[in-house]
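Visitor: The primary structure of each chain is shown beneath.
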Amino acid sequence: MSEKNENFEDLKKLLKLKRYEIPPPGYFNNFSGDVVSRIRAGEAGGQSFFERIQADSGFWGNILFVFQRKPGLIGGLATSMCLLLLFGVVLLDHSESGQMATDAVTAEASPSAPDVSPTLASAISLEPSDTGGIAVNTNPVASLQPVTTFAGSSANPLFQPVGFMPASQ
Amino acid sequence: MLTMSEPATVPDPNAPANVLEGDLVRRARRGDLPAYDELVKRYQERIYATIYHMTGNHEDANDLAQDSFIKAYSALKSFKGGSSFYTWLYRIAVNKTINFLKQRRNKHHLSLNDLDFNAEHDPDLVALISDKTPTRDVNLIELQNKLNEALLKLSEPHRMVVVLHDVQGVSHEEIAEVVGCNIGTVRSRLFYARQQLQGYLADYIKT
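Protein chains in written order, with the numbering used here: chain B, 1 to 169; chain V, 1001 to 1207.
In case anyone wonders, no lab produced these hints; they're calculated from the structure. The structure presented is a predicted model; accordingly, all values stated were derived computationally and were not measured. Treat the hints with care, since some could be wrong.
Unchecked claim - The calculated lysine-lysine pairs, modelled on BS3-like cross-linking and capped at a C-alpha distance of 25 Å, are:
1) K1071/V - K1096/V
2) K1071/V - K1146/V
3) K16/B - K1146/V
4) K16/B - K1153/V
5) K13/B - K1146/V
6) K1080/V - K1096/V
7) K13/B - K1153/V
Start from the sequences and build out the full structure, keeping to the hints where you can.
Guide: Put into structure tokens, the structure is as follows:
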């Protein structure tokens, strides 16, 4: 396998041709400048926004990095947030209306309850003199709520539940 | 303008310039970019030439050479000084080039640089294209194309050894250090690669 056993002299002469292949004139004049510019750009801000955030912060940076790699997660999270917000609004609405109905019933059961304001009390119960001794619940929110029966069907909302109670003397 | 009429040689560790190299490396490790710029200028031609001879494509060689220097800068803190900076840099360029060629396998596209004017006056090349030596008439441009096509037929490890030794003039020992194998492997790869090339270029050389 020694080189002496093979005559590669002509091949070596031919390979010398490779040394005469030269890059375009002036190519190396800017080469080191380009390298240094790319290094500076990488140090100063060549990184993407997400990469910089990830480098600067820990947990939140990692979350942003996950979002960068899986953009679909952003849409999923936004949808979840909207649904959660909507659910919260509906729940709040229901709880307020339920509270108002409870207040109305409480006010009717004990008109002298101190926590019922005069305005609200006057709004939800009529004076006995006006109704001939019968107090009528005119609260639209409480009266229009559908009533669910044990069978699961809702009662007709056109029926207005009316509370009858003896007028206080 | 660069002329590659002389083979690149491995820097002598005892040369005065190498004392300065250590200083440049230390400064570059501290983030001194002008010092690194000096190192790039020192080795840009040899690193570019090696990659160019491996890829046979100027654009690829340009990108890979720049990437090699940038990677070397970012990895400078891990440079322990066990080998010379030049060998370490060469290893980065060689690995980057081989990885690139593996990904680009069977998608070779020659984009050769022009030949230097002096090639026409090289006595060895003149002898090769004279009517005595070759079995058919060729000019230098055709010979250049055939030679590059033949080189691209070699496997990357074999091509690398031929390029480093027969074109760049790097010693067997240095090649072993750069490529990461023993000297015997370098010699056997060189022998096999030359045999292969001789077969591919049989019409252009006297055997």
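Visitor: Would the pair K16/B and K1153/V pass a check requiring their Cα atoms to be no farther apart than 25 Å?
Guide: holds, 18 Å
Visitor: Starting from K1071/V, check that the Cα of K1096/V is at most 25 Å away, please.
Guide: Holds, because 10 Å separates the two Cα atoms, which is no more than 25 Å.
Visitor: Are the Cα positions of K13/B and K1146/V separated by 25 Å at most?
Guide: Holds, at about 14 Å.
Visitor: K1071/V and K1146/V were given as a pair; does the straight-line alpha-carbon distance stay at or below 25 Å?
Guide: Violated, because 33 Å separates the two Cα atoms, which is more than 25 Å.
Visitor: Is K1080/V close enough to K1096/V, meaning Cα to Cα at most 25 Å?
Guide: Cα-Cα ~20 Å, so holds.
Visitor: With a cut-off of 25 Å on the C-alpha distance, tell me whether K13/B and K1153/V pass.
Guide: holds, 19 Å
Visitor: Would the pair K16/B and K1146/V pass a check requiring their Cα atoms to be no farther apart than 25 Å?
Guide: Holds: K16/B and K1146/V sit about 14 Å apart, inside 25 Å.
Hint violations for this structure: number 2 only, all remaining hints satisfied.
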